[in-house]
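Okay, so the sequence shown: first residue is 1 according to the numbering used here, each after it adds one.
Read the hints as simulated data drawn from the structure, not as lab findings.
Beta-carbon label-pair distances, calculated as ranges:
{"id": "1", "residue 1": "W61", "residue 2": "D5", "range": "29 to 37 Å"}
{"id": "2", "residue 1": "R196", "residue 2": "W61", "range": "24 to 32 Å"}
{"id": "3", "residue 1": "G149", "residue 2": "R205", "range": "33 to 41 Å"}
{"id": "4", "residue 1": "E64", "residue 2": "P183", "range": "17 to 25 Å"}
{"id": "5", "residue 1": "V76", "residue 2": "K4", "range": "31 to 39 Å"}
{"id": "6", "residue 1": "L19", "residue 2": "W61", "range": "38 to 46 Å"}
{"id": "7", "residue 1": "P213", "residue 2": "K81", "range": "39 to 47 Å"}
{"id": "8", "residue 1": "N190", "residue 2": "K16", "range": "15 to 23 Å"}
Heads up, the beta-carbon is just placed ideally off N, CA and C, and yes, glycines get one too.
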Amino acid sequence: MIFKDRWSAGRLLSEKLALRFEKIDGLYFLPRGGIEIALPIAQNFRCPIVPVFVAKVRHPWEPEYAIGAMDEGGSVHVSEKNRHFVPAEELEFSIAQAARNVENQKRVYAGLSPVLPEEGTFILVDDGLATGESCKAALKFLRARHPAGTGTLGLGVPCASTSGISNVRRECDAIITVDTPDPDFMAVGNYYENFRQVEQDTVVRILHDYNEPFIRRVLKPAQSL
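Produce the complete structure using the sequences and hints provided.
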């Protein structure tokens, strides 16, 4: 399936989620592309949107390929297999880049989302799942905030690779996709007619405008999770 754009994919994913969940208490997303997936879903379920600050640890020779990720708590998630194939010095450089990226996200988006409760149904969304490293790191971080037994922690994406699904399956309670996971998945952008870059200012504006009523309700803006 080829999606027109992220907004269209978000609306289709919202329909899929509605078949599974009557209520969603909070929607997490990965900046920046995930915001355009998240907004139509949040509007449908009338729930707040919260960014999760995760940065890819990129392969030093193939920057588009993620060998792991760092979450906003500073934990680095890189498999032993990937550590074995990347020289330690170059891996540390990639990790340092990821750390700077995470800190920048925290600085830019701080205070634009409410604090979510521990219990409830929470879904992490993104515009697609390739290696799954970023979503895996985000889900691990979110599981600490929403422990098993306190509700449901799910993942929703319009498109995904079968290997990416396998990579994240143990980290959440449910995975919802619009398109059937693809064993020959190459890149998320291949599944969109329009996959333009989402600007930082766009994310800030959407979070500010959409989340304002939720922040007023709890009177406690989140600096970070």
